[in-house]
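A.B. asks: Sequence:
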Amino acid sequence: MTIKNNTASVRQKEIVSQYLQELDKHLTDLKNGKAEKTFEIKDLAELLFVSPKHLSNTIQEVLGKSPCDIYEERLMVISKELLLTTNNTISHIAQTLTFDPSNFTKFFKSYEGKTPKQFRELNSRTELHTK
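Residue numbers (full-length UniProt numbering): 1 to 131.
It is possible that some hints are incorrect.
As the list claims (entries may be wrong) - Think about it this way: if two alpha-carbon atoms lie no more than 20 angstroms apart in a straight line, the pair counts; the simulated SDA-like pairs of lysine to any residue are:
{"#": "1", "residue 1": "Lys106", "residue 2": "Ser91"}
{"#": "2", "residue 1": "Lys25", "residue 2": "Ser9"}
{"#": "3", "residue 1": "Lys42", "residue 2": "Gln18"}
{"#": "4", "residue 1": "Lys31", "residue 2": "Leu84"}
{"#": "5", "residue 1": "Lys42", "residue 2": "His54"}
{"#": "6", "residue 1": "Lys25", "residue 2": "Glu36"}
{"#": "7", "residue 1": "Lys117", "residue 2": "Leu82"}
{"#": "8", "residue 1": "Lys65", "residue 2": "Glu22"}
{"#": "9", "residue 1": "Lys42", "residue 2": "Leu97"}
{"#": "10", "residue 1": "Lys106", "residue 2": "Ile78"}
{"#": "11", "residue 1": "Lys65", "residue 2": "Leu84"}
{"#": "12", "residue 1": "Lys37", "residue 2": "Met76"}
{"#": "13", "residue 1": "Lys114", "residue 2": "Ile78"}
{"#": "14", "residue 1": "Lys106", "residue 2": "Thr96"}
{"#": "15", "residue 1": "Lys53", "residue 2": "Asp43"}
{"#": "16", "residue 1": "Lys13", "residue 2": "Pro52"}
{"#": "17", "residue 1": "Lys109", "residue 2": "His92"}
{"#": "18", "residue 1": "Lys53", "residue 2": "Ser17"}
{"#": "19", "residue 1": "Lys37", "residue 2": "Lys117"}
{"#": "20", "residue 1": "Lys42", "residue 2": "Lys65"}
{"#": "21", "residue 1": "Lys37", "residue 2": "Lys65"}
{"#": "22", "residue 1": "Lys37", "residue 2": "Ser102"}
{"#": "23", "residue 1": "Lys109", "residue 2": "Glu121"}
What the hints assert, rightly or not - Derived DEER-like restraints, expressed as beta-carbon distance ranges:
{"#": "24", "residue 1": "Met76", "residue 2": "Gln21", "range": "28 to 34 angstroms"}
{"#": "25", "residue 1": "Lys109", "residue 2": "Glu61", "range": "26 to 32 angstroms"}
{"#": "26", "residue 1": "Gln118", "residue 2": "Gln21", "range": "30 to 36 angstroms"}
{"#": "27", "residue 1": "Phe49", "residue 2": "Ser124", "range": "40 to 46 angstroms"}
Because the hints were derived from the structure by calculation, they are not lab data.
Every residue, glycine too, gets a C-beta built ideally from N, C-alpha and C.
Whole structure, please, built from the sequences with the hints as guidance.
C.D. replies: See below:
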């Protein structure tokens with residue numbers, strides 16, 4: 001992740017670094033079925049001993065994106081990975097990532113422009129043609 005604000009203080013950069021580490025740890029736990037719920041900004045702020053507002057403002061100022069945007073971008077990477085590297089049903093993948101299956105489809109389509117099923121089918125066909 002690229003720092004957009006070169007004038008960010010050492011403490012701001014530290015908060016961003018810790019946020020990204022905790023976020024990646026949480027997303028790995030989600031992917032591996034070790035997390036029962038999705039973290040909210042308040043959960044991550046609590047881990048970093050800062051207020052949710054301070055965390056949000058710091059992330060936005062330093063990275064130029066909201067914590068929610070970063071979370072959703074990384075969640076999409078994991079979603080695509082699970083769709084392409086496992087035979088799990090879309091419903092199972094959705095539940096692993098703590099989504100209701102229909103909400104997962106809406107979330108995925110809003111980012112990718114395709115449903116998870118369309119994405120999987122298109123990319124599995126592409127792989128067959130490149131081999």
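A.B. asks: All the hints need checking, so say for each whether the structure fits it.
C.D. replies: Now the hints, each set against the structure:
Using a Cα cut-off of 20 angstroms, the hinted pair Lys106 and Ser91 holds, with the two alpha carbons roughly 13 angstroms apart. Distance restraint check for Lys25 and Ser9: the Cα-Cα separation of roughly 24 angstroms exceeds the 20 angstroms cut-off, and the hinted pair is therefore not satisfied. As the CA atoms of Lys42 and Gln18 are separated by approximately 14 angstroms, the hinted pair is consistent with the 20 angstroms bound. For the hint linking Lys31 to Leu84, the alpha-carbon distance of about 14 angstroms falls within 20 angstroms, and the restraint holds.
For the hint linking Lys42 to His54, the alpha-carbon distance of about 10 angstroms falls within 20 angstroms, and the restraint holds. The straight-line distance between the Cα atoms of Lys25 and Glu36 is roughly 14 angstroms, inside the 20 angstroms bound, and the hint therefore holds. Taken as a hint, the Lys117 and Leu82 pair is honoured in the structure, with Cα atoms around 12 angstroms apart against an allowance of 20 angstroms. Restraint check: the Cα-Cα separation between Lys65 and Glu22 comes to about 17 angstroms, which is no more than 20 angstroms; the hinted pair holds.
Restraint check: the Cα-Cα separation between Lys42 and Leu97 comes to about 19 angstroms, which is no more than 20 angstroms; the hinted pair holds. Proximity of Lys106 to Ile78 is assessed by CA-CA distance (about 16 angstroms); at most 20 angstroms being required, the pair is judged to hold. Distance check on the hinted pair: Lys65 and Leu84 sit about 27 angstroms apart at the alpha-carbon level, beyond 20 angstroms; violated. A distance of roughly 17 angstroms separates the Cα atoms of Lys37 and Met76; the hinted pair therefore holds under the 20 angstroms criterion.
Taken as a hint, the Lys114 and Ile78 pair is honoured in the structure, with Cα atoms around 16 angstroms apart against an allowance of 20 angstroms. For the hint pairing Lys106 with Thr96, the CA-to-CA distance comes to about 16 angstroms; that is within 20 angstroms, so the pair holds. A hinted pair counts as satisfied when its Cα atoms are at most 20 angstroms apart, and Lys53 with Asp43 qualifies at roughly 12 angstroms. At most 20 angstroms may separate the alpha-carbon atoms for a hinted pair to count; Lys13 and Pro52 meet this at roughly 16 angstroms.
For a cut-off of 20 angstroms, the pair hint linking Lys109 to His92 stands: about 17 angstroms separates their Cα positions. The straight-line distance between the Cα atoms of Lys53 and Ser17 is roughly 17 angstroms, inside the 20 angstroms bound, and the hint therefore holds. For the hint linking Lys37 to Lys117, the alpha-carbon distance of about 24 angstroms lies beyond 20 angstroms, and the restraint is violated. Using a Cα cut-off of 20 angstroms, the hinted pair Lys42 and Lys65 holds, with the two alpha carbons roughly 17 angstroms apart.
Of the supplied pair hints, the one linking Lys37 and Lys65 is violated, its CA atoms being roughly 23 angstroms apart against a limit of 20 angstroms. The straight-line distance between the Cα atoms of Lys37 and Ser102 is roughly 17 angstroms, inside the 20 angstroms bound, and the hint therefore holds. For the given pair, Lys109 sits about 14 angstroms from Glu121 by alpha-carbon distance, which is consistent with the 20 angstroms threshold. For the pair Met76 and Gln21, the beta carbons lie near 19 angstroms from each other, so the given range of 28 to 34 angstroms is not met.
For Lys109 paired with Glu61, a C-beta distance near 31 angstroms keeps the hint of 26 to 32 angstroms intact. Take Gln118 and Gln21: their Cβ atoms lie about 33 angstroms apart, and the range 30 to 36 angstroms holds. Between Phe49 and Ser124 the beta carbon distance is about 45 angstroms. The supplied range of 40 to 46 angstroms therefore holds.
The structure fails to meet hints 2, 11, 19, 21, 24 from the earlier list, while all remaining hints are met.
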